[in-house]
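Kindly produce the complete structure, drawing on both the sequences and the hints.
Protein chains in written order, with numbering that gives the first Met the number 0: chain R, 0 to 369; chain G, 0 to 369.
To be clear, the hints were calculated from the coordinates, so they are not data collected in a lab.
Computed from a prediction, not measured in an experiment: that's the story for all the values here.
Among the hints, erroneous ones may be present.
[To be verified] Computed, partial: chain R to chain G, Cβ under 8 Å:
(1) L347
(2) H349
(3) R359
(4) R365
[Stated by the list, open to error] For each label pair, taking beta carbons as the anchor points, the in silico distance ranges come out as:
(5) R:H105 to G:T305: 50 to 56 Å
(6) R:D245 to G:P331: 30 to 36 Å
(7) R:P339 to G:A56: 45 to 51 Å
(8) G:D122 to R:R314: 39 to 45 Å
Ideal Cβ positions, reconstructed from N, Cα and C, are used throughout, including at glycine.
2 protein chains.
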Amino acid sequence: MSSSIPGFRAVIPAGGAGTRLWPLSRAGHPKFLHDLTGSGRTLLQQTVDRLVPLTGAGGVMVVTGERHVDAVRAQVPEVAAADVLAEPSPRDSMAAIGLAAAVLVHRHGDVVLGSFAADHVIDGADAFEGAVREGVAAARAGYVVTIGIAATEPSTAFGYVRSGALLGIEGGPGVRLAAGFTEKPDAESAAEYLATGEYRWNAGMFLVRAEVLLDHLATQLPTLHDGLRAIAAAWDTPDRAAVLADRWPSLPKIAIDHAIAEPVAAAGGVAVVPGDFSWDDVGDFASLAALLPGTAEGARILGPATLASLVDSARALVIPAAGRQVAVLGIPDVVVVDTPDALLVTTLAHAQQVKTVVDRLRADGRVELL
Amino acid sequence: MSSSIPGFRAVIPAGGAGTRLWPLSRAGHPKFLHDLTGSGRTLLQQTVDRLVPLTGAGGVMVVTGERHVDAVRAQVPEVAAADVLAEPSPRDSMAAIGLAAAVLVHRHGDVVLGSFAADHVIDGADAFEGAVREGVAAARAGYVVTIGIAATEPSTAFGYVRSGALLGIEGGPGVRLAAGFTEKPDAESAAEYLATGEYRWNAGMFLVRAEVLLDHLATQLPTLHDGLRAIAAAWDTPDRAAVLADRWPSLPKIAIDHAIAEPVAAAGGVAVVPGDFSWDDVGDFASLAALLPGTAEGARILGPATLASLVDSARALVIPAAGRQVAVLGIPDVVVVDTPDALLVTTLAHAQQVKTVVDRLRADGRVELL
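This is the structure:
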């Protein structure tokens, strides 16, 4: 389990502000640029670290917003400058991944591409590699392949993919037909899903032959397909800027799940590979707290532990990111996120509602803090 | 009610770290140097503002630690440099007030002095002035006089003074004999005190003729008396430093309540003047919150209101003293004190326990934060 996979290319869409992780994550310095696990590597770096052994050197491409290109290049110098694609504006995941697919086809022909978000946390390198290898086999057979994560709880924060019959693909013994996708369910439905044993979390990791993806796109969203093909043809030429300026702003804004995964699954064209590694999208501070090791008192501290002085505050999450001393007295489950220009104080139970604070600041015109 | 009182001098002992107001109040920048009411004047300045009309210009003396002398002089330039007495080390309130009394006698003869802490908040100038005028009359008659504050609730945070018979003093129609002092009571006793109508809060405001005070001191604590007399005799001479170095370190460390008020009251020498103004010693953040005006949502903000973004956090107390944005989500009664090098997050209910955080920091060797 260590050689790279011939003809396999990884695409990392690096977008999304991570609003629920404010004030750590900002529009100008989003989640994927942060080390959220205390490993010394940012989420983007960890994503690249995980993929380079599978693609081989030069096999990873990053698609990100223009304002983040410099930060991305600085963080992952092993990705060639030409493989960091800059989007002039955010057009959602289908445009980002489709652009990468079209550029890859233009440069390298019909590769198998795997798309992996820049801001997820994965633990279990061998299981991840095994799932990717099976997924590549299924992609070669023509499927759009999603990795279905073994659900460890009836989460209402994730979408689910339902597994159907085994497909009997060579090199992909665990690959099954995807019987369908569901959006984030309510608690009751989530519990039912888990009980059936057929549902797995849809982590948004897709593997597919680039030409298969573009063909589906041509069928489902011809405007988007044509725009991306035109942009890709111009990408490595002096016309790139002009074509981008002409075509990009009018590309349909749509997620790959809605654009491809759901309609193609309905037609029997999607496969699911079991991913039996631990995975989290670090969607909020409660999810972040669960990823961090606890102190002897059960607190979670992302940063120097000496900067947190906690008294009677069990399960506190403290992020002392401003170098200042943070003292908490008598607030169990508190969340304190201390940055140089903004401070958030809340509780784990309110983690999903942090966006309301960001909305309040935006309404108050404090955009410099967002 | 506006002319100054002949022969009356005010002494302001400006000591005490205000540990329960950490990290706003620090050893190097204690409570009295802060504007805790948002008035634009610090507690020390408000204390001087309140007293100068009663003493006349030049009638206020401040006794403080050596390290605070510069800050005191900068904050209250109307107090002459010679009237800011620097203590080489803290020896508690009896040494501070006794030193002022001895220096005043040496300079001016037998004045009436009134001692008022530098870090209390008073509302009701006319009632305060009336009480002081009655107190001065009783002091002239030879009593040690304390101002007893009308208790508005059965507080367990304050000591009490019990009133006895009216003394019939000219110019002091409300002055009664002090039947005794009590330490901070438990809740049951406090309720009983309030029910009798005889008990008032002992706010530590004393009025007494300087010679009477020194005579009591000579009786109760002759060593302290002799040391202070010797220091006072040298104060305005080149020998001050030498005598201070020789005598000050060995002076008994004792509060004026224990040194004078209690034993003299037992002998019938203490009078109590009713003080029907509002008073608070701002002992902790809950007490501070109660002094501040509430926002429309019932929050209390000491500092620029635009720096506090509060969602579902009723009765929050926020002190944005570092210029940073403070966002709180979903923690009613929260207390957030944000300073440039340290942050405290707690609740109003834990206000009295802030000292445990300070103790923890001291144990961890973080003395630079105290």
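In this structure, is the beta-carbon distance linking R:P339 and G:A56 contained in 45 to 51 Å?
Since R:P339 and G:A56 have Cβ atoms about 46 Å apart, the given range 45 to 51 Å holds.
Hint check: 8 Å Cβ-Cβ cutoff, R:R365 to chain G
holds, 7 Å
Would the hint on R:H349 stand, with a C-beta cut-off of 8 Å toward chain G?
holds, 4 Å
Restraint satisfaction for R:L347 [CB to CB of chain G, less than 8 Å]:
The hint is violated - R:L347 has no Cβ within 8 Å of chain G, the shortest such distance being about 10 Å.
Using the C-beta atoms of R:H105 and G:T305, is the stated range 50 to 56 Å upheld?
With Cβ atoms ~51 Å apart, the hint holds.
Closest C-beta approach of R:R359 to chain G relative to 8 Å, hint status:
holds, 5 Å
Go ahead and decide if the range 30 to 36 Å is satisfied by the Cβ distance of R:D245 to G:P331.
Given about 54 Å between the Cβ atoms, the range is violated.
Given a hint of 39 to 45 Å, does the C-beta separation of G:D122 and R:R314 actually sit inside it?
holds, 42 Å
Comparing the model with each numbered hint stated earlier shows that hints 1 and 6 do not hold.
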